[in-house]
Amino acid sequence: MMDAAPARLDVARVRQDFPILATTVRGRPLVFLDSGASAQKPRAVIEAMTRCMETAYANVHRGAYRLSELATEAYEAARAAAQRFLGAEHAEEIVFTRNSTEAFNLVAHSFGRGLLQPGQAVLVSEMEHHANLVPWQMLRDAGLGIGLRFVRVTDAGELDLDDLARHLAQGDVGLVSVTHMSNVLGTVTPAAAIARMAHAAGARVMFDGSQAAVHRAVDVRAIGADFYAFTGHKLYGPTGIGVLYGRRELLSAMPPFLGGGDMIETVTLEHSSWAAPPARFEAGTPAIVEAVGLHAAIDYVTALGMEAIEAHERDLVEHASARLAQVKGLSLLGAPQDRGGVFAFALEGVHPHDLATFLDRRGVCVRAGRHCAEPLHARFGLEGGTARASFGLYTTREEIEALAEALDAAREFFA
Amino acid sequence: MMDAAPARLDVARVRQDFPILATTVRGRPLVFLDSGASAQKPRAVIEAMTRCMETAYANVHRGAYRLSELATEAYEAARAAAQRFLGAEHAEEIVFTRNSTEAFNLVAHSFGRGLLQPGQAVLVSEMEHHANLVPWQMLRDAGLGIGLRFVRVTDAGELDLDDLARHLAQGDVGLVSVTHMSNVLGTVTPAAAIARMAHAAGARVMFDGSQAAVHRAVDVRAIGADFYAFTGHKLYGPTGIGVLYGRRELLSAMPPFLGGGDMIETVTLEHSSWAAPPARFEAGTPAIVEAVGLHAAIDYVTALGMEAIEAHERDLVEHASARLAQVKGLSLLGAPQDRGGVFAFALEGVHPHDLATFLDRRGVCVRAGRHCAEPLHARFGLEGGTARASFGLYTTREEIEALAEALDAAREFFA
Amino acid sequence: MSAPAGFEELRDLYQEVILDHGRRPRNHFRLDPCDASARGDNPMCGDRVEVFLAFGPEGRIARASFLGRGCAVSQASASLLTETVPGLSPQEAKALSARLREMAKTGARDDSTEALARLSALSGVHEFPSRVKCATLAWHALDAALDGVKEASSE
Amino acid sequence: MSAPAGFEELRDLYQEVILDHGRRPRNHFRLDPCDASARGDNPMCGDRVEVFLAFGPEGRIARASFLGRGCAVSQASASLLTETVPGLSPQEAKALSARLREMAKTGARDDSTEALARLSALSGVHEFPSRVKCATLAWHALDAALDGVKEASSE
Ligand SMILES: Cc1ncc(COP(=O)(O)O)c(C=O)c1O
Ligand SMILES: Cc1ncc(COP(=O)(O)O)c(C=O)c1O
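Protein sequence lines correspond, in order, to chains Z, W, H and F. 1 is the number of the first residue of the first sequence in the working numbering; add one for each residue after it. 1 is the number of the first residue of the second sequence in the working numbering; add one for each residue after it. 1 is the number of the first residue of the third sequence in the working numbering; add one for each residue after it. 1 is the number of the first residue of the fourth sequence in the working numbering; add one for each residue after it.
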């Protein structure tokens, strides 16, 4: 590909990078439409992990020998890759966590207890994944006088910015923590506008980029994010590693989260002092091999180009919106203006679980349930859950066609 | 090997299972004597992870399709493997964590805040790794009225059981948390006796098995452990995964640790209820591929036989004790009766860091520093640290010889 | 029934009796008054079944009903339950419940009694591990109701 | 000196001047009274260097000394520092410190001044990334002392 502005994704070639896409399920080709729950891994990621374990493995930060230095360099190179990927100013602003969930717990603990004041409130939205809700409930219930309030979601499935403004106007909001892209509605939220509103009201802002960072180029400085989280396994990377971005002044002012080795400066039996970020927030032996794998994943999507990935997804979303509209009895959850590759839906007369089982028999993998977003489902009166199809960079129009046909067949079967 | 009671380790063959052991460092064969910091990975582990990602990957606990069921089965099979490995009664007593460090933080948080009472104290020892010290300091400093005291270590480097008895006699100890094997002294502690003493005094007991589980067969029921922790990467398994064993009644009575998806039962905006253990303590997408890798590691050491591994290590320890005694100017830290394959030492006139650098040039990897056990080094007046050689199941007598010769050379070089 | 070709395995799970009971659940109302009731929740998927029991003079189950929401399998299983347990003593009902759960897990049909033969339609679920809980949810609730517990533990 | 064969690279780090200053550090005492001092700690390995400075009438450094414990590299570096900075203004000393840290990282020798030529022995450390901090610890303490800070940040 000589000329590439913007590069188009050669999906057929891309699919060859993912060994699992060549496998079959009960003799049928795999149509994997659950990338929103976790994405498949390209060979580059698998091989980077293998190479690390076969040729350059040792614990990091500890040894005074070459192998350990190599491992440390690889680990810190992964941090630098995450820094570039998010457009962060400093590598020390990148903390490796287990996943997004831990990133929210870390901020709820260390920012929540360290920098929020009694009487202040955290503001999340009705469309949050439990990862960006339960840690704040636990903070609220810790008896520190920190409140928790909720920004409404419109019927179209968008963040209600007027409601956000109303909450901020109360003057007590210390942190706004909202998703950058809903894992149910697909809604991409106007992060920069939200950050401006939050900052104008004196609040800090955290974004849940678990979905967004997979589908769109993210620049935390352009957005104005104070914290930003994403999770490796959804970005075609390994399980067991996630990323928390936090602005340097904030991380530096925050007390630690977990205690143990590597996060300390000095330790006596009676007292410990803390290392500077990011070490302060990375207790114990980190997910070294997984960091190396995440680095490979970041390199992989960067080489394809986040713009090309986004363009491909926009094409899929457009196609899927049109095609799913033709499926009789199907109703989509939400109709956001800016949608990433996620569609949750109900099929008349067919419970989502029965539907998922039926589709699975045709090799079509979708998820059924409430997708760790129970309050959102309650908001839309869908306590029984929805089925959800979510796309990855390897998803094709043909797969969307296979889904649509299978939906028609399911309706007939269960009628 | 037809007859095998107890099986002997065929070390030459075992070494072929570890790709990295065939590599060279600056043109010299790798003599890896830092397994105590992190062990190398056998091909079986690497391949299990690769196979998972290439053929059976999806998120767990969530999908109603075959691939996700397979991933869930693999993840839960890893839990069952850890259960068998530790001799636990129930699979639900196994919680997957990132590493040992997180296991201690989990217990400090959920047992410490949930089940310890104000006025009670936690008892750790002077030889603990920071992972089993700093979380308790943080608990002590949380203003809950929970104390922290320290059991002395004898000059020989053993746990002072008389001092333990004295502390327990005060009647306020709620939890004894001590190492099952020191990562510096190599001391294997009498876990069953400690548990009996603790229980007789009405205290619960937790063991740090990060080192012990690698070197000895562990049976948590035989020991009488209430909690037991180990970390995957030291057991020839992946980074990013650790294991916490907790007795069912205790785990069931404990509040959660981190909040998010999968650890909840129901969630509304205002309130969440918790899932039963172990899910309650595993928030968010777990380290799925790493669990599969850990399973392979457990199968690997189990197939070799923990007894055979222990016998091999005892042979190495005996040999090393004798051989290192011949090195001029070398003094070993501690002289425990029961020592696992770990030797920390000082070489007269050579600082540990200079020593490690020197040894590295001969391909001999040892660690220098305080090995995340600053208080222990202070206890022995070794604020400047020690050098440490630690063995794995692939360590040979020849490697100990290489170490000893390199030590002689170092002394000459720096003299 | 115009199922596409190649879906024979689906028929193991969605046998006609399941589809029928799933579409038109029997005894789908609240028994009021009732002597015992309990709710079963599957938090993972949001399925919910509440089972109501009325006992006859000798302590046998006289009537059973349920309310709930969920997939065809969970609703059919609850519906079949309400048809099957009347006439049984609490012990017999619990034994039946245990058999049912066994069938759902292993797929072993059991035609030794008429009641079991009818319920054997649910054994097809064993090929679908993530769906086993759908088939057993109502039976957990039954056990809880017989034990005097208000909420079934989800196993 | 009977270093075994094949250890030429080690000589890049442990040049005679380093070994010498490491074995017999110069100015290894507490300047008392002193005008400025600061401590540098490397928590990872326990190395510690405290640098003491006395200024002359025009504000130039008149005398320097240090106390500390640590490896040959960190002690030699501190010892060389105390020999090199007397006579420099605070600004000159900080510029020298920056050059030293650059050399330690990149390995680039600098013989443009006599002081730099002497310190270039420390440039060998660049091949040993985990040891770079050993070579720079005293210089961080120097910067901190000149800034009036009591503890050097470990970079
Ligand atoms: C005795 C002991 N406890 C705890 C740990 C901490 O293990 P991890 O860093 O994997 O959490 C280690 C290893 O560093 C150890 O040796
Ligand atoms: C929007 C969103 N936030 C948070 C998460 C949690 O990610 P993880 O389970 O990797 O912590 C997910 C994925 O499950 C998600 O989609």
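To be clear, the hints were calculated from the coordinates, so they are not data collected in a lab. Heads up, some of the hints might be wrong.
[Said to hold, decoys possible] Just the calculated beta-carbon pair ranges, DEER-fashion: (1) W:302 - Z:255: 40 to 48 Å; (2) W:268 - Z:143: 18 to 26 Å; (3) W:199 - Z:161: 34 to 42 Å; (4) Z:23 - W:117: 51 to 59 Å; (5) W:199 - Z:117: 16 to 24 Å; (6) Z:161 - F:35: 52 to 60 Å; (7) Z:145 - W:117: 18 to 26 Å; (8) Z:145 - F:57: 34 to 42 Å; (9) H:151 - W:199: 31 to 39 Å; (10) F:150 - Z:249: 17 to 25 Å.
Heads up, the beta-carbon is just placed ideally off N, CA and C, and yes, glycines get one too.
Hint check against the structure, violated hint numbers in rising order:
Of the numbered hints given earlier, those the structure breaks are 3, 5 and 8, listed in rising order.
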